[in-house]
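Residue numbers (numbering that gives the first Met the number 0), protein chains in the order written: chain L, 0 to 337; chain P, 0 to 128.
The reader is advised that the hints may include incorrect statements.
[To be verified] Mimicking DSBU-like on lysine-lysine, the simulated pairs with C-alpha atoms at most 30 Å apart in a straight line are:
| no. | chain 1 | residue 1 | chain 2 | residue 2 |
| --- | --- | --- | --- | --- |
| 1 | L | LYS70 | L | LYS38 |
| 2 | L | LYS38 | L | LYS66 |
| 3 | P | LYS48 | L | LYS66 |
| 4 | P | LYS122 | L | LYS312 |
| 5 | L | LYS312 | P | LYS48 |
Treat the hints as calculated values from the structure; they're not laboratory data.
The chain contents come next:
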Amino acid sequence: MQSVLSVLDQEPIRFFVSFGVILFLVLNLAAVLTMAERKVAGYIQLRYGPNRVGPRGLLQPLADVFKLFTKENVSPNRADMWIFLAAPIAMFIPAALAWIIIPFSPSAVVADLNVGILFFVGITSIGALGVIMAGYGSRSTFSLLGALRGAAQLISYEVPMILSLLGVVMLTGSLSLVEVVQAQGGGFWNWYFLPQLPMFFVFYIAGLAEVKRVPFDLPEGESEIVGGFMVEYSGMTWALMQAAEFASLALISAMSVTLFLGGWQPPIEALDLGNFNWAWFGLKTALITFTFQWIRWSVPRLRMDQLMNLGWKILVPLCLVWLFVTAGLMLVFPSLGQ
Amino acid sequence: MTLGLIQQGPGYGAAYLYVGIFLLLVSGFVATVLVIARLIAPSRSSNTKGQIYETGEATVTDTWRPFPVRYYVFALLFLIFDVEAAFLYPWAVVYSELGVYGFVEMTIFVLILVVGLAYAWKKGALKWV
């Protein structure tokens, strides 16, 4: 206990500042992304999107939050209340917590865990638990269908996601995200998406499935099971689930940037901004997030069997093959590994 | 318990301390938001509102009932590959120092699992119908 207190004594300000910054970031990302989602949808479909609240509709998220805060939380009579109410919390925790290991700029990382990648994999799998809790706790047919699909989908795509990170770990020789980013310095030809292109592809697809985005939105499937695991939620519980979904969308983008697209590293050395390199990180993350939204309005939803085939028969074998290619190349050219 | 935290220097333990306290604070924050929303929002429950949503039809059976066995098959496959990954990560970290020995050993390890995956594929366990 003594040592715990002494650590807090050393850096109390840093702790509270970082907690505030992470929470501020997650909540604002969720708010901005709900807005961006509808604006992008609007422009892709040749309409305006939300444009009534504030200049160009920019205050729409604020209005949404007020509306959801004052809305009644209706829950089914026969729902299992503890599980029903714990589900949004279980979904929000991984979306917020995983941000603390991401290096935003050379000197800005909240906790540089030496098992960072493993921590990311472990903490995001709590999200699957949240989906099952939401669907099972509601005790409703649509919810249960959505939860079962969600469980099958999330655990199936977790396997290619875990395997796709192995190439990066082998090349870096470390699980720390700070070291992963440092190893990619010197220009965009050193970023891992070039030697690990198939793995990047797999990580991107598996990430898309892990955050339940179109074309992998079977757990929600609003046109067939009317919202899936979240059909019984309303008001703030629903808002928290949406916030968790958008925050994990941003998280997956940030992780693919950190692991494969150089993190805060500028594309060429001459554009190095020093401590302001977080601008590069933000720019790349925003671009990846935009591609997620672009896909949403371009691709139809997969069928359940197609989903399982893609995960187990294409992505997993592709990962294993590229794992061996990477291992073999590192054996022949030892200079590849640092 | 706390000895483990200080032995490797305060920097090392502090990182995990951050994770633990963050976990508690985030869950506390979300729970607080739910409580505040409960205080602000109106609450007029009625029997009709308490019905589960099923596009206007009355539910005839309880929804907590057995579900198809294929979900368990995928859960088992997931478990196997998840444990495999737990062995692959430490190997990947030190791979550049292991050389040919590490490569051959991991080839054998992964091949055994690939045979298992191929068997499941052949048996139709990956087929979703």
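Verification of the supplied hints:
no.: 1; hint: L:LYS70 / L:LYS38; result: holds (24 Å)
no.: 2; hint: L:LYS38 / L:LYS66; result: holds (19 Å)
no.: 3; hint: P:LYS48 / L:LYS66; result: holds (19 Å)
no.: 4; hint: P:LYS122 / L:LYS312; result: holds (14 Å)
no.: 5; hint: L:LYS312 / P:LYS48; result: violated (44 Å)
In this structure, only the earlier hint numbered 5 is contradicted, and the remaining ones agree with it.
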